[in-house]
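> Protein chains in written order, with the working numbering: chain A, 561 to 1047; chain B, 58 to 252.
To be clear, the hints were calculated from the coordinates, so they are not data collected in a lab.
Be aware that one or more of the hints could be misleading.
What the hints assert, rightly or not - Covered by chain B, according to a simulated footprint, are these stretches of chain A (three or more residues, beta-carbon under 8 Å):
{"no.": "1", "region": "929-939"}
{"no.": "2", "region": "1031-1045"}
Unchecked claim - Take a look, some chain B residues computed to stay more than 12 Å from chain A by CB distance:
{"no.": "3", "residue": "Gln-130"}
{"no.": "4", "residue": "Val-157"}
{"no.": "5", "residue": "Ser-170"}
{"no.": "6", "residue": "Ala-196"}
{"no.": "7", "residue": "Ser-221"}
{"no.": "8", "residue": "Gly-223"}
{"no.": "9", "residue": "Glu-231"}
Virtual Cβ for every residue (Gly too), placed ideally from N, Cα, C.
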Amino acid sequence: MAMDFHFGRRSFLGLAAGASASVAGAALLGRSAPMASGPSRVRSSGGRLEMDLVAAETAVTIANAHRTALTYNGLLPGPLLEAEPGDAVRIRLHNRLNRPTNLHYHGLHISPSGNADNVFLSVAPGASQTYDFSLPADHPAGTFYYHPHRHGSVADQVFGGLGGVLIVRGALDRIPEVQAAEEQVVFLKDLPGDGDFGSIGMGMMLGREGAVLTVNGQVNPALSIPAGGLLRLRIVNGSNARFWRLALEDHPFHLIATDAGALETPVQLEELLLAPGERAEVLVRGDQQGGRYRLLNLPYARGSGGMMGGMGRSRGMGRGMGMGRGSAQQGPVPVATLAYEGSVATLPLPERLLPVVPLPEPVRTRRFLLNHGMAPGMGMVFLINGRAFEHGRIDTRVQLGDTEEWELVNDGVMDHPFHVHVNPFQVISRNGTPEPYRAWKDVVLVRAGETVRIRTRFDDFTGLTVYHCHILDHEELGMMGTLEIAA
Amino acid sequence: MIGMSGVMFNQKIDPNRPPHHRWSGVHRRGLLLATVLAVMTVAGFGTWYAQSTAPPSIAEQTNPSVSEGKSQQVTAYRSASCGCCKGWLDHLRGEGFSVVDHVVENLEEIKVSQGVPGDLASCHTATLAGYVIEGHVPAEAIHQLLRQRPAVAGIAVPGMPLGSPGMESALRSESYTVFSFTRDGSFTPFFHVKA
Ligand SMILES: [Cu+2]
Ligand SMILES: [Cu+2]
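Take these sequences, add in the hints, and give me the full structure.
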């Protein structure tokens, strides 16, 4: 497709037709200043969301340092998209990168075929692709995530900065206590530092982590909460490989939604672990006497798991595994700072959220074994059931309407967050222990040595799609399979 | 060898440049990485593509058959069935080094006794001509070390970069840096390998 699109402030705003474009979205994202022309927030109107996304390497300013990053419309994260169930979405993606790309609408329950959530599309450098789909009228409300998914360049492009948040507003947003909360997107992304020697350490084997920890494209931005009020954080892990283990000083999180929608009741958490691709919505109560509180990222070792028993853990080296000089984290790192601003009459937490209907008994159980190894003729590869991803090979065939239970077995030594496209799932158990509450997920962390059972139903859409490790370096190295949902 | 074609070794490190302060210091925590890596290779290779059953305890195997008498002897320490360690030793043999291969259970102690900085740890440790060689160091860097004979304790490739000798992958290769380190635990770039 020829590239005849002219990008500029005027044309860009004009092109956000059928949608209300707003630079005020900067407030929701907590950005200090937009880094590019074009709106940082695009909201559907009249049942339509239509816009252009230009993927390019552009200049950005992070922590007063000038550098380049891969961005959508010059923004890091990309523009915040807001839609409602039933909306028609049209996104024109323009590839101004030097490698092919495409778009994945992570977490949306839409068709995997045609010009919808089709990860097999490839948009060549200089080319454009129009994505066209409608959200089902009963699509759950939640916080979703768009990012590239072109096998061969996805990890580099996500690590380089590409990604953005897509909010679907619905029933959850109409619960009065939730509606009363102030809303704040928290897009987590670590970017490669520009050290002169490159990083020391694991590289793609463990999955590359960047030394620069950003929230909404900023280093340690300010967030605010009114005294007595509620703050609703919509948190997205947009990293290539980094796990974020968050804690907010003196403020527990009240989890109200996981990846693919609301819980039945809020769950109080002292800390929140998000693997790449995972999202969470939490409420924070403004019940302190003013002051400033750090949102901390706590260290997490994702390379040892149970394998370390008797092999060094007892020596007190604990969880601070040196995964690379650029990213090794031994203690808590503040990633944002919460300050009290204004006050409101004390708001209660919601008591009930939305029903999470249990899935019926599965008609079939499948097993997926996650590992890596040296394959003859391939060298180092990452594997699902002993096979590395191959274009055109269908690994798993399922029937539309069927409920299945999948047993995800990680008998390796690295954690692997397992992601399934198109249909959300419920976690049934981890290592035989039933999950304490029902929740809709589309990424589940399978720790080294762990067995996780998930249950899913293949609803509404047929076609070819994928499941994969969301440490995108592992996906690139083969840890992905093709799923066919047949009528 | 898979993944090795097209790998360029270009030395571009200024020998007069002082060690960057950021890179100095001994970090014991990094030693955990070495253990993880060692275990990782055991599990990764052992589970899927078990090639040989390694002896349970210490084994020794010598390969003195190298021509022209210019052979340099590498004494290597690795954990049992570490596939990519064997791959690295094969690389060295192919480059004319003779190899004494020790399978050990106390790799971490060997790294400590050889003074390998924790941040530079990888899955195997070796000695050669009075120097310590840590990780997947390419023969070209070892040749440069032996030519220049700098006053360092050794050289290291931390972690397991894809495309390094023994870590070949048909899918990817990564750029990486060979560091030289001294007895006090400071280290500085020595040799750079472009993906
Ligand atoms: Cu994703
Ligand atoms: Cu993985």
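> Return the numbers of the hints above that this structure violates; sort them in rising order.
Hints 7, 8, 9 are the ones this structure does not satisfy, whereas the remaining hints hold.
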